[in-house]
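**Q** Mind docking chain B with the ligand on chain A? Use the hints.
Quick note, the sequences are listed as chains A and B, same order.
Our numbering applies: residue 53 is where the first sequence begins, and numbers increase by one.
Our numbering applies: residue 45 is where the second sequence begins, and numbers increase by one.
No lab work stands behind these hints, which were simulated from the structure alone.
Keep in mind that this is a model prediction, so the values were computed, not measured.
Among the hints, a few may not be true.
As the list claims (entries may be wrong) - Only pairs whose alpha carbons sit at most 20 Å apart, straight line, appear in this in silico EDC-like list of lysine to aspartate or glutamate:
| id | chain 1 | residue 1 | chain 2 | residue 2 |
| --- | --- | --- | --- | --- |
| 1 | A | 512 | A | 392 |
| 2 | A | 219 | A | 323 |
| 3 | A | 318 | B | 241 |
| 4 | B | 78 | A | 139 |
| 5 | A | 216 | B | 220 |
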Amino acid sequence: MSPKTLYDKIWDAHVAHEADDGTCLLYIDRHLVHEVTSPQAFEGLRMAGRSVRAPDKTIAVPDHNVPTTLDRANAATMTEDSRIQVEALDKNAKDFGIHYYPVSDIRQGIVHIVGPEQGWTLPGMTVVCGDSHTATHGAFGALAHGIGTSEVEHVLATQTLIQKKSKNMKVEITGKLRPGVTAKDITLSVIGETGTAGGTGYVIEYCGEAIRDLSMEGRMTVCNMAIEGGARAGLIAPDEKTYEYVMGRPHAPKGAAWEAALAWWKTLYSDDDAHWDKVVTIKGEDIAPVVTWGTSPEDVLPITANVPSASDFTGGKVGAAQRSLDYMGLTPGMPLSEVEIDTVFIGSCTNGRIEDLRAAAAVLKGRKIKEGLRAMVVPGSGLVRAQAEEEGLADIFKEAGFEWRLAGCSMCLAMNPDQLSEGERCASTSNRNFEGRQGYKGRTHLMSPAMAAAAAVTGKLTDVREMM
Amino acid sequence: MEKFEKLTGIAAPMPLVNIDTDMIIPKQFLKTIKRSGLGVNLFDEMRYDRQGNENPDFVLNQPAYRDAEILVAGDNFGCGSSREHAPWAIKDFGIRCVIAPSFADIFYNNCFKNGILPIALPQEQVDVLMKDAEKGANARMTVDLEAQTVTTSDGESFAFEVDSFKKHCLMEGLDDIGLTLEKASAIDSFEATIGAERPWV
Ligand code: SF4
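The following block holds chain A by itself, in its conformation from the complex (with noise of 0.2 Å):
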């Protein structure tokens, strides 16, 4: 048998129909559902009179819309427009007949983030969501991509994608992470050097000690911008801290299916000699934690380093950069230490996960935000608050000065009641920068929660490693 790619090995566990072309017909063994890129797909099958294939497959939540502040129970605080949404979410969910965490239940979270939580994503899956951040469901070694609202319809009415290959790009960080040195910084890291086109045709799969090192909190930060970096997919292969990730959650399987599970998932790696169509290798000891400048998720640098000038580039970078200066009210040269923010944003599916959290109370733990500065933290769903809650994480936000929220995507883009105003510049763990995504000409700045809580103290953008 010849050598294969993880991504070989579960792409061809998938092909339910392959045309001469190559044009293939793949199973969607987990598809998830939100209110804002689903409406149009469920009543496309509603016109044409057809059901979902497969329910229990199925998995929704309203996530994007959702207010996070505690009293969202009442109506008034969503806007119209947002209320159509998610309750369309509940009715389509109830008359189609498919899992479903309403805003009500404490499971309710983002999207990427209950459905691992929930025992949802396996390794060895395919599993797909109308939205772009599905790849986060990668870091189990699961191939998962976001889609349209066209081919959601289309799942939900056949639970395949009509799908051609795409090439194999091998992504390795080896050796260890200096201190200070995140799951956030080696996902930037990543996008600064291929670019966000870098990845455009390929599934990644990230490998090598410093990935294998990391939790699967951090693998799943990782995957997630995978997107960012222009690909499909990113994948890393299914280990023991998998497993153990995986075991006893709600919908992983129990017993005897778990064990068969398990024997299939051992199989599940890269051979040896399989070919990859490109590979990049970065050093993990060459990682500084960084933060974005500009308008584009690749627009990365050290926290160490200056603002660039439009100069520093070539092509059309040249007046993207310039573009992106002038957005964002930089000065080159002027040190990234020195910029000073308004708001803090900790959150997102990038970075709302129990250790992401952990990590930045950690930093804020007997210390205070700077005064007048806007901080939240908005826990990705509402089991992980309430293991913060237990954990004493609450209390350290509550006490340093930030809001204590409750699950959604919230400025991460602006959908719901949390944005930025004109000119506002946030230090945000969400997963891009692009003008406007975080409120009308707001001002976003990626990093990780660590350096987004050492930036809430002293109000500028911040090196972790001072305060460690």
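**A** Only chain B with the ligand this time, still in chain A's reference frame:
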């Protein structure tokens, strides 16, 4: 789905790299449960000021380009989220074809599901088309899907690649779901096999 065969129309130049889905249709317009009506908000934050007045510098507000049917743009067009609202807004505005050196993957796929043809061409060729587009309303470009060519107003022609299955569906205006359901028996038997081999799924 609307068919795409051949189109001759005005091309609007947008020489920016990394035009992301938040630029194409900002998130406040995703709160719809319909597919239609998004065209007025295409590129909203560049096109209008806060009060909703048109920004006269923005290309689609200029008289020459108000009826553009083709967009010529920089590298990595459509990066960002999976929102199909982006192609819905483009289509609703009246644009049927986007030409760029490269596209983000999900956006590229989404175009084909909505009767829009995305064309990736080498940078030098896009540069030529960009120049042609900058001539304004007098410069009509022709996109021929059957022949797989783009022709400038001066008659210079470039060939482009497109997946044969996607081309077929776009030219015929075919509905993917209907096509897939014709293969329902293959899905049934696959489901039965994995049900036995991987019962935990
Ligand atoms: S947290 Fe942000 S990136 Fe993640 S699903 Fe929500 S909006 Fe998308």
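**Q** So which hints don't hold here, by number, going up?
**A** none
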